[in-house]
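Residue numbers (this note's numbering), protein chains in the order written: chain A, 18 to 206; chain B, 9 to 153.
Treat the hints as calculated values from the structure; they're not laboratory data. The structure presented is a predicted model; accordingly, all values stated were derived computationally and were not measured. Be aware that a few hints might be false.
To be verified - DEER-style ranges, computed between Cβ atoms: (1) 116/B with 105/A: 20 to 26 Å; (2) 157/A with 47/B: 56 to 62 Å; (3) 144/A with 9/B: 51 to 57 Å.
Said to hold, decoys possible - Rough simulated footprint, nothing fancy, chain A against chain B, three-plus residues with beta-carbon under 8 Å: (4) 37-48; (5) 75-86.
By construction, the Cβ of each residue, glycine as well, lies at the ideal position given by its N, Cα and C atoms.
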Amino acid sequence: MASNLSGGFASPSIQSASAFRAIMSAMSQPGMIVKVEGLSPPAPLSPAAAAVCLTLCDHDTTLALSDEYNSEEIRKWLLFHTGTRFADESQADFIVCDELSLKPLETYKQGTDEYPDRSALIIISKSELHNKTGCTLSGPGIENSCILSVSDPTPYRSGLKMFPLGLDFILTSGSNLACLPRTTAMEVG
Amino acid sequence: MYDRKAWLSLMATCDKERISSLWQDSQINVDFGLIRDAEVGAVMVKARQGSTGDAFHFSEMSLTRCSVRLASGEIGHGYHQGRSKQAAKIVALCDALAQTEAYSEIEKKIFNPLNEARQKRRETLRKKAAATKVDFFTLVRGEDK
């Protein structure tokens, strides 16, 4: 057995609680970048993406990994630390993928009229994440407007069903993450 | 010879003092790192009436788990009933060691004594239960004749 399962939270209850707090803050203030540290997951999974998985996934949820993350090592690592079940990306509650491997949004679960919350959360890895240039975000949780380093809003906004259905995104880069919930409006420039 | 399932099952339900003292007496020294430090949780025990009915939730019980990796790379998972973190760690170490060439030593010093204790415990339980067995029978009352 050559797999390496180390690199999880050293004190799971405290670290996952603070990671949860960070994710919740980021989700309620879209575009705000927060740092979550303390993990060293197997490459190419980023520490922030791993923190979201370890904090939110468990045996009651399902997770889909896109091709570049779908390695034996990453699956074993996530399974050991979360006990989650793996599913097809059209069925999964959580999706881990790259910015470039994001499929047309119709592929993913967007909730039903009775239960709009039964939609997927997409955890996207990006090469960089900053508030200097990119799309202008506005909407609930943003005082006036905010800039996030997403060059093109189309992959995140075309193919979304009408509110309250839709998809929420967590963008990660290294140990940083920012959220793009379905309520946030994105404009170029 | 035990397989992995058998030795994990054996150690999961063993007495915590017994496995601690066996481990101490075995004088095994091993270099290891913790992947998941011992933590106490609860599991749902499922049961079947008469071993044949539908499974139902019987009760929750406390359980301690721990995972270790030996310097040689083997990963051991320990699950032990109750709240003893030390016992869970020993179970994990034994599980890892039993995957190495140290198996026969672990079998001799840990598994066999625990297995004997389990047999004895079961035997005692069986005898106690047998002593309370009541055979119901109905006398023929003869009204139908």
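Which of the stated hints cannot be reconciled with the structure, identified by number in ascending sequence? Violated: hints 1 and 2.
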